[in-house]
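Following the hints, complete the assembly by docking chains C and F with the ligands onto the known chain B.
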Amino acid sequence: MGVEPGRVHFSWISSAESTKFVEVVKQVTEAVRQLGPNENFVKKELKVA
Amino acid sequence: MTCIKIDKQLWAQGLAAAEAQYRLFGPVKQGALYQFDALAAGQTPDLDGPNTRTSARAVVYPQSEVLFEYSLDSRDPEAHVLKETPAPAPRAALAVRPCDAYSFVLVRRNFEAPDVKDVYWLRNYAATVFVGLACDRPCSTCFCTSAGCGPYHEEGLDVLLVDEENHYLAKTITDKGAAFLQTAGWRTPADPEAEARIAQRRSAAEARVVSTVPTDRLAQIPQLELYAANFWQDVAFACINCGTCTYLCPTCWCFDIQDETRGNQGIRLRNWDSCMFPLFTLHGSGHNPRGQKVQRVRQRFMHKLKYYVDKYGDGIQCVGCGRCVQYCPVNIDIRRVCELMNGYGQNAACKVA
Amino acid sequence: MGAYTDKIREIAGRLLKDCQVEMVIGFRKGSMPMMNEPCFVTRADAVDQLVWDGSCGINLANYLTGRTEARIGVVAKGCDSRNIVTHIIENKIKREQLTIIGVPCTGMIDKRRLKNLAPGEVLAVEEDGERVVVRGDGFETVHQRREVLQANCAVCHHRNPVIHDELVGDPVSEQTEVDRYADVRAIEGLSAKEKWDYFEALLAPCLRCYACRNACPLCYCPTCFVDEAMPQWVGKSQNPVDVRTFHFLRAYHCAGRCTDCGSCERACPVGINMRLFTKKLEKDAYEMWGWEAGLSLEQRPPLDTYRPEDPEPFIK
Ligand code: SF4
Ligand code: SF4
Ligand code: SF4
Ligand code: SF4
Numbered sequence: 001m002g003v004e005p006g007r008v009h010f011s012w013i014s015s016a017e018s019t020k021f022v023e024v025v026k027q028v029t030e031a032v033r034q035l036g037p038n039e040n041f042v043k044k045e046l047k048v049a
Numbered sequence: 001m002t003c004i005k006i007d008k009q010l011w012a013q014g015l016a017a018a019e020a021q022y023r024l025f026g027p028v029k030q031g032a033l034y035q036f037d038a039l040a041a042g043q044t045p046d047l048d049g050p051n052t053r054t055s056a057r058a059v060v061y062p063q064s065e066v067l068f069e070y071s072l073d074s075r076d077p078e079a080h081v082l083k084e085t086p087a088p089a090p091r092a093a094l095a096v097r098p099c100d101a102y103s104f105v106l107v108r109r110n111f112e113a114p115d116v117k118d119v120y121w122l123r124n125y126a127a128t129v130f131v132g133l134a135c136d137r138p139c140s141t142c143f144c145t146s147a148g149c150g151p152y153h154e155e156g157l158d159v160l161l162v163d164e165e166n167h168y169l170a171k172t173i174t175d176k177g178a179a180f181l182q183t184a185g186w187r188t189p190a191d192p193e194a195e196a197r198i199a200q201r202r203s204a205a206e207a208r209v210v211s212t213v214p215t216d217r218l219a220q221i222p223q224l225e226l227y228a229a230n231f232w233q234d235v236a237f238a239c240i241n242c243g244t245c246t247y248l249c250p251t252c253w254c255f256d257i258q259d260e261t262r263g264n265q266g267i268r269l270r271n272w273d274s275c276m277f278p279l280f281t282l283h284g285s286g287h288n289p290r291g292q293k294v295q296r297v298r299q300r301f302m303h304k305l306k307y308y309v310d311k312y313g314d315g316i317q318c319v320g321c322g323r324c325v326q327y328c329p330v331n332i333d334i335r336r337v338c339e340l341m342n343g344y345g346q347n348a349a350c351k352v353a
Numbered sequence: 001m002g003a004y005t006d007k008i009r010e011i012a013g014r015l016l017k018d019c020q021v022e023m024v025i026g027f028r029k030g031s032m033p034m035m036n037e038p039c040f041v042t043r044a045d046a047v048d049q050l051v052w053d054g055s056c057g058i059n060l061a062n063y064l065t066g067r068t069e070a071r072i073g074v075v076a077k078g079c080d081s082r083n084i085v086t087h088i089i090e091n092k093i094k095r096e097q098l099t100i101i102g103v104p105c106t107g108m109i110d111k112r113r114l115k116n117l118a119p120g121e122v123l124a125v126e127e128d129g130e131r132v133v134v135r136g137d138g139f140e141t142v143h144q145r146r147e148v149l150q151a152n153c154a155v156c157h158h159r160n161p162v163i164h165d166e167l168v169g170d171p172v173s174e175q176t177e178v179d180r181y182a183d184v185r186a187i188e189g190l191s192a193k194e195k196w197d198y199f200e201a202l203l204a205p206c207l208r209c210y211a212c213r214n215a216c217p218l219c220y221c222p223t224c225f226v227d228e229a230m231p232q233w234v235g236k237s238q239n240p241v242d243v244r245t246f247h248f249l250r251a252y253h254c255a256g257r258c259t260d261c262g263s264c265e266r267a268c269p270v271g272i273n274m275r276l277f278t279k280k281l282e283k284d285a286y287e288m289w290g291w292e293a294g295l296s297l298e299q300r301p302p303l304d305t306y307r308p309e310d311p312e313p314f315i316k
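Chains as they are written, first to last, in this note's numbering: chain B, 1 to 49; chain C, 1 to 353; chain F, 1 to 316.
There may be inaccurate statements among the hints.
[What the hints assert, rightly or not] Think about it this way: if two alpha-carbon atoms lie no more than 25 angstroms apart in a straight line, the pair counts; the simulated BS3-like pairs of lysine-lysine are:
| id | chain 1 | residue 1 | chain 2 | residue 2 |
| --- | --- | --- | --- | --- |
| 1 | C | K83 | B | K43 |
| 2 | F | K17 | F | K94 |
| 3 | F | K29 | F | K111 |
| 4 | C | K293 | F | K94 |
| 5 | C | K293 | F | K92 |
| 6 | F | K29 | F | K115 |
| 7 | F | K195 | B | K43 |
| 8 | B | K20 | F | K316 |
| 9 | F | K111 | F | K280 |
| 10 | F | K193 | F | K280 |
| 11 | F | K316 | B | K26 |
| 12 | F | K193 | B | K44 |
| 13 | F | K115 | C | K29 |
| 14 | B | K44 | C | K83 |
| 15 | F | K193 | B | K43 |
[Unchecked claim] Pulled a few chain F residues facing chain C out of the computed Cβ check, cut under 7 angstroms:
| id | residue |
| --- | --- |
| 16 | G30 |
| 17 | S31 |
| 18 | M35 |
| 19 | E37 |
| 20 | P38 |
| 21 | C39 |
| 22 | I58 |
| 23 | E121 |
| 24 | L123 |
| 25 | C209 |
| 26 | A215 |
| 27 | G235 |
| 28 | K236 |
| 29 | S237 |
| 30 | Q238 |
| 31 | A267 |
Hints in this document: simulated from the structure, not taken from any laboratory.
Cβ coordinates follow ideal geometry from the N, Cα and C atoms, glycine included.
Bound conformation, chain B alone:
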């Protein structure tokens, strides 16, 4: 539907896997930062019609 691949991530992380959690968070933030802000779902103008 037009959301860039890489904006949404899924991962299984157990509560015991703290290092994996840190890794994944780093990866995700990096990937999303590269895509830039998601403007698509921001209402561009308050004004309508």
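Coordinates of chains C and F with the ligands only, in the frame set by chain B:
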């Protein structure tokens, strides 16, 4: 009343001249649909189609309209002050069908009541000049002639255009209309027989409207009897309570007010609403006096064909455009319901399975 | 088609006369060409209202939601029967309440297509086997039925009712050769930006009348998320973000449940093909879990079961 002749060669040119002073609206083809919409610069309205899917209602009464703007920023000296949006510049609704134009006459009774005035509707209405196009090819679903107007009806219009092959005859109805024609630079008077020809075409077009609704008994049947009539379950069964009929209808006027904020800035808008939606009557307590579909369907028809009739004593709140008949996804036909209501208690026409 | 109508009347009359059902839900002839009206009949002498032809595209499962009558007869084509199965699985109606009058279906006529093809206003449409005759003021055109079917019917794989107590005719052959997902694949091939723009244009005329949602048997929530007022999730104006939010979320709520009956698309007053959203999810359900909604009363839908072999390549 004067008649102007507009050579079709001068049509686009005149509109271009009018554009300098008026924002233009008219029928445009979007995909497979004819819609009534704002025209882009230099665009001419498309007059070849049937009546537009959405009515001209939105020119005066848009589906979403910003009424106020406000700021919630405490550093702003005007924080929390509701500031009215500016009034619209003059606009022209081109090639409005006479039925749609007449709908504004009906709707105005609601928005300009003796005690309450809806300033937003009224200022949009006042800013608009209605340039009608007489209708020579009514659809099989049109029943305007029995709904208080007709294919050449002039009430609600400022100018009536009549298509005569190579030119339009423009019958000036109001000063507002005359001013618009002036601005467009159309000044050639029509020949003296023009009015007679219009009258002739009018009768011919009226004869082509084959569909009718009976309304003669609506006023005399007691409200509560109609309300309690035995046909409502049957009428309402198929209805899915979408708002199609009410959103396409030129005479529906209900709205809902919403605030939307983003950060510290906000707007107050009004959106069309519909008696077909359960939310329409939901109370803050959670109680819903029209919680069932049959109650909502009954409300729509009772409002248009009974309450309005009783309140204003000038016919039904319907101009016979046939949109709801054509686009109701489950074929609930106001003509049939009107027949059931009008014939109530009189004959066995109220077929209930 | 006349034979189906006769048979439906006969069965409905018998069920009502023998008090096997309290009501029969079916279609009656509409006041417009290609528009039949869902209706109910409670007396055997009123069954002559009932009709069947290629304009019965509204999904009648939608009219069963929450009905309390102990015995209901319902006319059901292939897709309706699959939505009835879904309704039963989701506890919206009980199997024991229903007497299903199955209709082997040859597809519904695409009213918009025919109207667009016609040189003038369509005043009458007649079906005569494979031929569809369209009449209007001063014209008459003949089409092949399979050329004027609704897009979903043209690729339908389950035209015969999957459950039924009565059947109004011999089963029809299923269309096994058709390519079901050409339209979805075309969109899948676009870039993210192109997809966004495509859907922006697709939804531009949307009025938010919600006919698509309300015509859908799956959309039975007492209060839809777009109508929720406390808290309010979605803005109510014509802002495109709100319009899109409605469509995207509604589609997701139909994942693994949609039977591609086409009621939503058929109902839309401005001709939007919002079915593309649900169809993508229908395709995913089919390709990932081999699931087609409403085929069996025994099997649980993929979204409420876990199987170790569920595909999960998207999880890192
Ligand atoms: S009720 Fe129907 S026919 Fe009457 S004005 Fe409204 S849309 Fe047109
Ligand atoms: S368009 Fe038809 S189905 Fe939709 S609310 Fe109106 S009457 Fe009911
Ligand atoms: S989707 Fe299949 S069963 Fe449903 S109406 Fe179309 S052809 Fe018939
Ligand atoms: S039926 Fe059409 S116009 Fe109405 S909400 Fe659905 S897509 Fe929008």
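Hints and how they fare:
Between K83 (chain C) and K43 (chain B) the CA atoms are separated by roughly 21 angstroms; this keeps the pair inside 25 angstroms, and the hint holds. A hinted pair counts as satisfied when its Cα atoms are at most 25 angstroms apart, and K17 (chain F) with K94 (chain F) qualifies at roughly 23 angstroms. Pair hint K29 (chain F) plus K111 (chain F) holds up; C-alpha atoms about 15 angstroms apart against a cutoff of 25 angstroms. Our distance criterion of 25 angstroms between C-alpha atoms is met by K293 (chain C) and K94 (chain F), whose separation comes to about 22 angstroms.
With a CA separation close to 18 angstroms, the supplied pair K293 (chain C) and K92 (chain F) stays within the 25 angstroms bound. As the CA atoms of K29 (chain F) and K115 (chain F) are separated by approximately 19 angstroms, the hinted pair is consistent with the 25 angstroms bound. A C-alpha spacing of about 19 angstroms is found between K195 (chain F) and K43 (chain B), which places the hinted pair at or below 25 angstroms, so the restraint holds. With a C-alpha separation of about 11 angstroms, the suggested pairing of K20 (chain B) with K316 (chain F) holds against the 25 angstroms cut-off.
Annotation: proposed proximity of K111 (chain F) to K280 (chain F) holds, straight-line Cα distance about 24 angstroms (limit 25 angstroms). Under the criterion of a C-alpha separation no larger than 25 angstroms, the hint pairing K193 (chain F) with K280 (chain F) is consistent with the structure, at around 18 angstroms. A C-alpha spacing of about 13 angstroms is found between K316 (chain F) and K26 (chain B), which places the hinted pair at or below 25 angstroms, so the restraint holds. About 17 angstroms separates the Cα atoms of K193 (chain F) and K44 (chain B), which keeps this hinted pair within 25 angstroms; it holds.
Taking the CA atoms of K115 (chain F) and K29 (chain C), the gap is near 15 angstroms; set against the 25 angstroms cutoff, the hint holds. In summary, the hint linking K44 (chain B) to K83 (chain C) is supported, as the alpha carbons are separated by about 21 angstroms, within the 25 angstroms threshold. Proximity of K193 (chain F) to K43 (chain B) is assessed by CA-CA distance (about 17 angstroms); at most 25 angstroms being required, the pair is judged to hold. Interface restraint check: G30 (chain F) against chain C, minimum CB-CB distance 4 angstroms, threshold 7 angstroms, status holds.
Of the supplied interface hints, the one on S31 (chain F) holds, with its beta-carbon coming within about 4 angstroms of a beta-carbon of chain C, less than 7 angstroms. Taking 7 angstroms as the C-beta cut-off, the interface hint given for M35 (chain F) holds, the closest approach to chain C being about 4 angstroms. Checking E37 (chain F) against chain C: minimum C-beta separation of about 4 angstroms stays under 7 angstroms; hint holds. With a least beta-carbon distance of about 4 angstroms to chain C, the hint placing P38 (chain F) at the interface is held under the 7 angstroms criterion.
At about 6 angstroms, the closest approach between the beta carbon of C39 (chain F) and any beta carbon in chain C falls short of 7 angstroms, and the interface hint on this residue holds. Taken as an interface hint, I58 (chain F) checks out: its beta carbon lies about 6 angstroms from the nearest beta carbon of chain C, inside 7 angstroms. The interface hint given for E121 (chain F) is met, as the beta carbon of that residue sits about 6 angstroms from the closest beta carbon of chain C, less than 7 angstroms. Against a cut-off of 7 angstroms between C-beta atoms, the interface hint on L123 (chain F) holds, since the closest Cβ of chain C lies about 6 angstroms away.
Proximity of C209 (chain F) to chain C holds as hinted, the smallest CB-CB distance being about 4 angstroms (cut-off 7 angstroms). Taking 7 angstroms as the C-beta contact cut-off toward chain C, the hint placing A215 (chain F) at the interface holds, the least distance being around 5 angstroms. The interface hint given for G235 (chain F) is met, as the beta carbon of that residue sits about 6 angstroms from the closest beta carbon of chain C, less than 7 angstroms. With 7 angstroms as the threshold, the beta carbon of K236 (chain F) comes within range of chain C, its nearest partner Cβ sitting at about 5 angstroms, so the hint holds.
Hint status for S237 (chain F) relative to chain C: holds, with the closest Cβ pair at about 4 angstroms, below 7 angstroms. Proximity of Q238 (chain F) to chain C holds as hinted, the smallest CB-CB distance being about 4 angstroms (cut-off 7 angstroms). For A267 (chain F), the interface hint holds, the least distance from its beta-carbon to any beta-carbon of chain C being 4 angstroms, beneath 7 angstroms.
Violated hints: none; the structure is consistent with every hint.
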